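In the order they appear, the protein sequences are chains A and B. Counted from 1, the first sequence has number 36 at position 37 by numbering that gives the first Met the number 0; the numbering is strictly sequential. Counted from 1, the second sequence has number 59 at position 60 by numbering that gives the first Met the number 0; the numbering is strictly sequential.
Treat the hints as calculated values from the structure; they're not laboratory data. Just so you know, not all the hints are guaranteed correct.
To be verified - Derived Cβ-Cβ restraints for the label pairs, each shown as a range:
1. A:K51 - B:E95: 39 to 49 Å
2. A:K49 - B:M146: 18 to 28 Å
3. B:R45 - A:F43: 48 to 58 Å
4. A:M0 - B:E68: 47 to 57 Å
5. B:E68 - A:K59: 47 to 57 Å
These figures come from a predicted structure and were not determined experimentally. We put the beta carbon where it would ideally sit given N, CA and C, even for glycine.
2 protein chains.
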Amino acid sequence: MMRITILAVGKIKKDYFREAIGEYLKRLSPYAKIDVEEIEAEPFKRESDKDKAKKIEGEKILKFLEKNEGNIIILDEKGKNFSSHEFAEFLEDKNERIIFVIGGALGFHENILENPYRKLSLSKMTFPHEMARMILLEQIYRASAIMSGKEYHY
Amino acid sequence: MMRITILAVGKIKKDYFREAIGEYLKRLSPYAKIDVEEIEAEPFKRESDKDKAKKIEGEKILKFLEKNEGNIIILDEKGKNFSSHEFAEFLEDKNERIIFVIGGALGFHENILENPYRKLSLSKMTFPHEMARMILLEQIYRASAIMSGKEYHY
């Protein structure tokens, strides 16, 4: 059974995203053990404070990653684009725990991006971070269905 | 103001997708006149009837496209990948009505794919058609925000 941690900055505020995420987590329960770890989004008042807020969020992410072993994957639109089948093959290879990291509303600071972590892109398009979490879970579910040969209509 | 038609096969059954779509349509109302036209999904019982069902859906799409003028864009994961900024530039160019076509749970039949319509990909990944409609609307909203210089957190 896959062991997956989703490390995300910020809460899911929209009910519809929360419900969709809840449904995919439920559907995934026979296939994967998934933990969602949320890092509090850093508040900021002015435009000029954004970089500082991102830096603090990045430091908290790094602290978590130092204390937790696993295959670290950063979600970044400039990362590698997989098809759903390639993503399923990629997950199938991993025996180790996988830690997916999703940035907050501000995206990632350089203190994360400069690291040699593997980067996965859900799309060249930029998605809201709440939507990205939902899409990632849907793709992990789709990958589980592909791996187990289960039919999954889309 | 942009004039956009979304021609889609099948209904939105999940409440959370319907709510998200409703919210993006509402947020888009100052920027675009958007019509959503739904074609009924063709029922099928056996695996072997799927192709026939897709073909009938395709014929209904073609009938709509013959009767309606516009810039036709087929959503297909094998199409062109735009970044959100490139997508905004692409929309900015269009004075004509744009007709986005989204397939149903079965995807498109060859009778659609063989046509020289422009193809747009939201991602190399395959998404459920209900999710694709939500993501398309979010990207049109994001494009509107980019074009009007409005800040939009993600």
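Confirm or reject the claim that A:K49 and B:M146 have a C-beta distance inside 18 to 28 Å. 22 Å Cβ-Cβ, so the 18 to 28 Å window holds.
Cβ-Cβ distance between A:K51 and B:E95: within 39 to 49 Å? Since the Cβ atoms of A:K51 and B:E95 sit about 45 Å apart, the hinted range of 39 to 49 Å holds.
Hint check for A:F43 and B:R45 - Cβ pair distance inside 48 to 58 Å: 57 Å, holds
Kindly confirm whether 47 to 57 Å is satisfied by the beta carbon distance between A:M0 and B:E68. Since A:M0 and B:E68 have Cβ atoms about 53 Å apart, the given range 47 to 57 Å holds.
Taking the beta carbons of B:E68 and A:K59, is their distance inside 47 to 57 Å? With a Cβ separation near 53 Å, B:E68 and A:K59 satisfy 47 to 57 Å, so the hint holds.
Checked against the numbered hints above, the structure violates none of them.
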